[in-house]
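Protein chains: 2
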Amino acid sequence: MRQSQLFTKTQKDFPADETSAGTQFLLRAGFIDRTAAGVYTILPLGYNVLRKIENIIAKAMDRLGGQRVTMPALVPKKYWETTGRWNAFDALYKLKGKNDDEYALGATLEEIVTPLAQKYAVSYKDFPFSIYQIQTKFRDEMRAKSGLLRGREFLMKDLYSFHVDQKDCDALYEKVKDSYFSIFKETGLAASTYLTLAGGGTFSKFSHEFQTATEAGEDIIYLCDNCGFSINREIKKEYPKCPECGCEKFGEKKAIEVGNIFKLGTKYSAAFGFEAVGPDGCKMPVLMNCYGIGLTRLMGTVAEISRDSAGLIWPAAIAPFEAHLVELESKDGEVNKKIREAAQKIYSDLQKRDIGVLYDDRTGKSVGEKFKDADLLGMPFRVVVSEKSLAKDSVEIKKRDSREAELVGLDKACAFNFKD
Amino acid sequence: MRQSQLFTKTQKDFPADETSAGTQFLLRAGFIDRTAAGVYTILPLGYNVLRKIENIIAKAMDRLGGQRVTMPALVPKKYWETTGRWNAFDALYKLKGKNDDEYALGATLEEIVTPLAQKYAVSYKDFPFSIYQIQTKFRDEMRAKSGLLRGREFLMKDLYSFHVDQKDCDALYEKVKDSYFSIFKETGLAASTYLTLAGGGTFSKFSHEFQTATEAGEDIIYLCDNCGFSINREIKKEYPKCPECGCEKFGEKKAIEVGNIFKLGTKYSAAFGFEAVGPDGCKMPVLMNCYGIGLTRLMGTVAEISRDSAGLIWPAAIAPFEAHLVELESKDGEVNKKIREAAQKIYSDLQKRDIGVLYDDRTGKSVGEKFKDADLLGMPFRVVVSEKSLAKDSVEIKKRDSREAELVGLDKACAFNFKD
Numbered sequence: 001m002r003q004s005q006l007f008t009k010t011q012k013d014f015p016a017d018e019t020s021a022g023t024q025f026l027l028r029a030g031f032i033d034r035t036a037a038g039v040y041t042i043l044p045l046g047y048n049v050l051r052k053i054e055n056i057i058a059k060a061m062d063r064l065g066g067q068r069v070t071m072p073a074l075v076p077k078k079y080w081e082t083t084g085r086w087n088a089f090d091a092l093y094k095l096k097g098k099n100d101d102e103y104a105l106g107a108t109l110e111e112i113v114t115p116l117a118q119k120y121a122v123s124y125k126d127f128p129f130s131i132y133q134i135q136t137k138f139r140d141e142m143r144a145k146s147g148l149l150r151g152r153e154f155l156m157k158d159l160y161s162f163h164v165d166q167k168d169c170d171a172l173y174e175k176v177k178d179s180y181f182s183i184f185k186e187t188g189l190a191a192s193t194y195l196t197l198a199g200g201g202t203f204s205k206f207s208h209e210f211q212t213a214t215e216a217g218e219d220i221i222y223l224c225d226n227c228g229f230s231i232n233r234e235i236k237k238e239y240p241k242c243p244e245c246g247c248e249k250f251g252e253k254k255a256i257e258v259g260n261i262f263k264l265g266t267k268y269s270a271a272f273g274f275e276a277v278g279p280d281g282c283k284m285p286v287l288m289n290c291y292g293i294g295l296t297r298l299m300g301t302v303a304e305i306s307r308d309s310a311g312l313i314w315p316a317a318i319a320p321f322e323a324h325l326v327e328l329e330s331k332d333g334e335v336n337k338k339i340r341e342a343a344q345k346i347y348s349d350l351q352k353r354d355i356g357v358l359y360d361d362r363t364g365k366s367v368g369e370k371f372k373d374a375d376l377l378g379m380p381f382r383v384v385v386s387e388k389s390l391a392k393d394s395v396e397i398k399k400r401d402s403r404e405a406e407l408v409g410l411d412k413a414c415a416f417n418f419k420d
Numbered sequence: 001m002r003q004s005q006l007f008t009k010t011q012k013d014f015p016a017d018e019t020s021a022g023t024q025f026l027l028r029a030g031f032i033d034r035t036a037a038g039v040y041t042i043l044p045l046g047y048n049v050l051r052k053i054e055n056i057i058a059k060a061m062d063r064l065g066g067q068r069v070t071m072p073a074l075v076p077k078k079y080w081e082t083t084g085r086w087n088a089f090d091a092l093y094k095l096k097g098k099n100d101d102e103y104a105l106g107a108t109l110e111e112i113v114t115p116l117a118q119k120y121a122v123s124y125k126d127f128p129f130s131i132y133q134i135q136t137k138f139r140d141e142m143r144a145k146s147g148l149l150r151g152r153e154f155l156m157k158d159l160y161s162f163h164v165d166q167k168d169c170d171a172l173y174e175k176v177k178d179s180y181f182s183i184f185k186e187t188g189l190a191a192s193t194y195l196t197l198a199g200g201g202t203f204s205k206f207s208h209e210f211q212t213a214t215e216a217g218e219d220i221i222y223l224c225d226n227c228g229f230s231i232n233r234e235i236k237k238e239y240p241k242c243p244e245c246g247c248e249k250f251g252e253k254k255a256i257e258v259g260n261i262f263k264l265g266t267k268y269s270a271a272f273g274f275e276a277v278g279p280d281g282c283k284m285p286v287l288m289n290c291y292g293i294g295l296t297r298l299m300g301t302v303a304e305i306s307r308d309s310a311g312l313i314w315p316a317a318i319a320p321f322e323a324h325l326v327e328l329e330s331k332d333g334e335v336n337k338k339i340r341e342a343a344q345k346i347y348s349d350l351q352k353r354d355i356g357v358l359y360d361d362r363t364g365k366s367v368g369e370k371f372k373d374a375d376l377l378g379m380p381f382r383v384v385v386s387e388k389s390l391a392k393d394s395v396e397i398k399k400r401d402s403r404e405a406e407l408v409g410l411d412k413a414c415a416f417n418f419k420d
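Top line first, the protein sequences correspond to chains A and B.
When we follow my numbering, the leftmost residue of the first sequence carries the number 1, and every step to the right adds one.
When we follow my numbering, the leftmost residue of the second sequence carries the number 1, and every step to the right adds one.
A hint or two may mislead.
If chains are identical, the list can't say which one is meant, so a pair holds when it fits in one copy or spans any two.
Claimed, not checked - Using 30 Å as the maximum straight-line C-alpha spacing, the simulated BS3-like pairs for lysine-lysine come out as follows:
{"id": "1", "residue 1": "Lys345", "residue 2": "Lys175"}
{"id": "2", "residue 1": "Lys263", "residue 2": "Lys237"}
{"id": "3", "residue 1": "Lys59", "residue 2": "Lys9"}
{"id": "4", "residue 1": "Lys177", "residue 2": "Lys365"}
{"id": "5", "residue 1": "Lys145", "residue 2": "Lys254"}
{"id": "6", "residue 1": "Lys419", "residue 2": "Lys236"}
{"id": "7", "residue 1": "Lys263", "residue 2": "Lys392"}
{"id": "8", "residue 1": "Lys125", "residue 2": "Lys345"}
{"id": "9", "residue 1": "Lys9", "residue 2": "Lys77"}
{"id": "10", "residue 1": "Lys175", "residue 2": "Lys241"}
{"id": "11", "residue 1": "Lys125", "residue 2": "Lys331"}
{"id": "12", "residue 1": "Lys125", "residue 2": "Lys12"}
{"id": "13", "residue 1": "Lys331", "residue 2": "Lys177"}
{"id": "14", "residue 1": "Lys283", "residue 2": "Lys253"}
{"id": "15", "residue 1": "Lys372", "residue 2": "Lys119"}
The set of hints was computed from the structure by calculation and includes no laboratory data.
Input sequences plus hints: build the corresponding full structure.
Quick look at the structure:
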C-alpha cells in the first residue's frame with residue numbers, strides 16, 4: 001500500500017488515561033482509534049495485524065478439527081436464565097427490544113453453543129466434536145483501562161468441545177495446550193508466556209491460563225523457579241508447592257492473560273438437559289471444555305512486549321506489512337526521478353512476490369520524519385531508496401530491531417528474505 | 001470435509017413462522033440456526049458461503065481503493081446526538097453501562113466513520129479516500145420475518161467515501177454501481193437484480209437500490225418495460241415516466257433490496273463540523289457517499305431465488321463446497337472396500353487441486369437419504385461413487401440443476417471442471 005493513500009497518519013498525542021505503552025503506540029501509529037473508554041475502532045494497519053492473527057488461530061483450530069460458526073451477539077435472556085448467569089455474570093450488557101424481548105450481549109457464548117450442539121448431537125456416535133467462533137464479545141467493565149488489554153468490546157476466539165468420554169475430553173484439553181503454544185510462538189509471545197493454574201470464575205473450579213509476563217499486566221503470577229509452570233495469585237494459597245514438580249521457590253511476575261482453557265464438565269450441558277443416548281440406550285452425560293484466546297488483547301500484548309522507545313516492533317508473521325519501503329527525496333529533480341523509478345520497481349516486484357509492502361511515497365517529508373514514522377509503525381524490515389543508496393546501485397535494508405543496515409544490490413533486493 | 005464429521009444434520013422441520021422458502025431450506029439443510037426471531041447462528045456450511053461472499057465483496061472494495069477497518073458495535077450516545085439520530089432512528093437498540101455510559105448498537109455507522117475521517121483528513125490534499133467495514137449490525141425490527149431477509153442482527157458491508165470535489169464524488173458513485181453489478185454477477189444475482197431509484201430514509205433525499213426480484217421480497221418495484229431501470233413504489237408517484245429513458249410502461253414486481261447507495265452530501269460532515277482546508281486556506285465542505293450490501297441478506301436472497309422443490313442450488317463461486325462426493329454402500333463387503341478406496345482417493349485428489357469437497361462418507365444411509373440430502377444442501381456438482389459406477393471404472397457426475405448425470409472415468413474425475 002502507498003503510504004500517501006493511507007487515510008490514517010501518525011500522531012504525537014494520545015488520551016492521557018491510556019496507561020499501556022503498547023496501546024499508546026498503537027494509537028499514535030494509527031493501528032487503532034479510541035471511540036470511547038474500552039471501545040476501539042480497528043484501523044487499516046491494525047486490521048491487517050488482526051486478520052493475520054485470525055488466520056493463524058483459525059488454521060490451528062481447523063487442525064484440531066474445530067468447525068467454524070458465527071454466533072449472535074444478541075443472546076436471549078431465557079438462555080442466561082437456564083444457566084443462572086442472567087444475574088450471576090456481573091459484566092453483561094442487557095437490553096430490551098421493542099417487543100419487550102430481552103437480551104444480553106454475548107460476553108461468553110456457552111448459552112448459545114450448548115443448546116446448538118444439543119439440537120444436532122443425540123447419540124454417543126455423534127461425539128466428540130468441536131465448534132469455534134472468532135467474533136466480537138462485550139463486557140461491561142467498570143474500569144476499562146490498559147487499552148486493548150481490557151476492553152468493553154473485543155475480538156475473541158472460543159473453541160468448545162463436546163465429549164461423552166472423559167479420557168477423550170482430557171486428551172483434547174492437553175492437545176489444545178500444545179496448539180496454544182504453537183499459536184503464541186507464531187505470534188511472537190511464546191518466550192514470555194507461561195501456562196498458569198488459575199481459578200475458573202463462573203465457568204469451572206480451576207482453569208489454565210496462558211499468561212504473558214509484562215509490567216502492563218493486571219494479574220500476578222507465581223512462576224516456579226524449577227519448571228516454569230506458574231500459579232495465579234488468586235489461588236496461590238492453595239498451592240504452596242508447584243503442582244507440576246513440587247518445587248517451593250517461585251518468582252513473582254505481573255502478567256496479562258492471553259488465553260484460557262476450562263474443563264466445564266457437565267455444568268452447561270446439565271443446565272440445558274443435554275445428554276447423549278449411549279450404546280445400551282441409556283443416557284450418558286455430555287462433557288464440555290472451552291478454550292479462549294483474545295485476538296485484540298493478543299495484538300495489544302504483542303505491542304506491549306515487542307517495542308522500544310521509538311515504537312512498535314512487529315513479528316513478521318503478524319506485521320501489517322513485512323517491508324516498509326522508504327523513498328527519500330533528493331533536491332536534484334533528475335536524481336529524484338531515478339529514486340522514484342527505482343522505488344516503484346521494487347514496490348511492484350515485492351508485491352509480485354507476495355511480500356506485503358508499505359511504500360512511503362510521501363513527498364515533502366524530511367528523512368527524519370520518514371524514519372521516525374517507520375520506527376513508530378514497526379514493520380520488520382525498512383528498505384530505503386535514496387541518492388546515497390542509488391550511487392551504489394543498492395537499497396539499504398535494516399531490520400527494525402537492529403542498528404545495522406545492509407546494502408543490498410537493486411537486482412537482489414527482491415530476493416531478500418523478508419520472512420524472518 | 002467428511003460429512004460424518006459435520007456436527008450439523010439435515011432436518012425435516014423448521015419454525016412455522018419462517019415464511020421464506022429459501023430460509024426454510026437454509027434452516028433444514030443446517031446452514032443457519034434460529035436463536036430467536038431475526039437472530040441466527042451461522043453454521044459451518046453457511047459460514048463457508050458467507051466467507052466466500054465476504055471475499056468477493058472485499059476484493060471489489062479493495063479495487064475501488066477502499067481501506068478496511070472494523071468499527072465498534074457500541075456507538076456512544078453523544079455521536080448519535082450530534083447527528084440528531086438518537087431519537088430519529090427508530091430501530092436503535094439502546095443500552096446503558098455500569099458507569100451510566102449510554103450506547104446504541106451500530107445500526108449504521110456514519111456516526112463513527114465521520115468523526116474518524118475528520119481526525120485524519122485536514123487538507124484538501126487528503127481527499128478523496130474511502131473506508132469500508134464488513135461487520136455485524138443491529139436493528140430493533142418490530143417484526144423480524146422472512147428469515148435472513150430482514151434480521152435484527154445481520155452482517156453488512158458499508159463503504160464510505162469522502163470528497164471535496166463534487167465531480168469526483170459523482171464519478172465514484174457511478175463506479176460503485178458497476179462494481180456492485182460485478183459482485184451480483186459473481187454471486188449469482190445479476191440476472192434478476194435491478195438498479196432502482198428510491199427514497200433515502202434518514203440518510204438522503206434519494207438513493208439507488210439494487211433490488212432482486214423475488215416473491216419473498218417486501219418491496220414493490222416498477223420495472224421500466226424499455227430499459228430495465230426501476231423505481232421503488234415509495235417514490236413512484238413522483239416519476240410517472242422512467243427517468244432513464246422516458247418510457248411510461250412499467251411492470252410491477254416484488255423484490256428484495258440487496259444493496260443500496262446514497263449520496264449523503266454534507267449531511268453528516270456538517271453535523272460534525274468536518275471541513276477541509278482548501279488550496280487558498282479557506283474551508284471547503286466535505287462530501288460523503290455511502291454504499292451498503294447486506295451479506296447475510298445476500299445469502300438469503302440467493303437461497304430464495306436459486307432453488308427447486310428439493311433444495312438449494314448454489315452458484316459455484318459461493319457454494320460451501322464445489323463438489324459433493326457421495327459414496328454409496330454396497331451390500332458386498334469386498335465391493336464396499338473398493339468403493340471406499342476409490343472415494344477416498346478422489347476426495348484427497350480433489351482437495352489437492354483446491355476443489356472444495358463435502359464427502360458423504362456416512363455409513364448406514366440409503367441411496368435415497370444420501371441423494372435427498374445432496375439435493376437439499378445444493379452443492380453445484382454431485383459426484384457418485386457406487387458399485388454401478390465402479391463397474392465402468394467411473395464416477396457419475398451430475399450438476400445440481402441438471403437431470404442428466406455424466407459417466408467420467410476414475411482417472412479423469414479430478415480434471416473435471418467443477419468451477420462452472
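Inset, instruction - Determine which of the earlier numbered hints do not hold for this structure and return their numbers in increasing order. - result: Numbers 4, 6, 7, 13, 14 - these are the hints that the structure violates, sorted from lowest upward.
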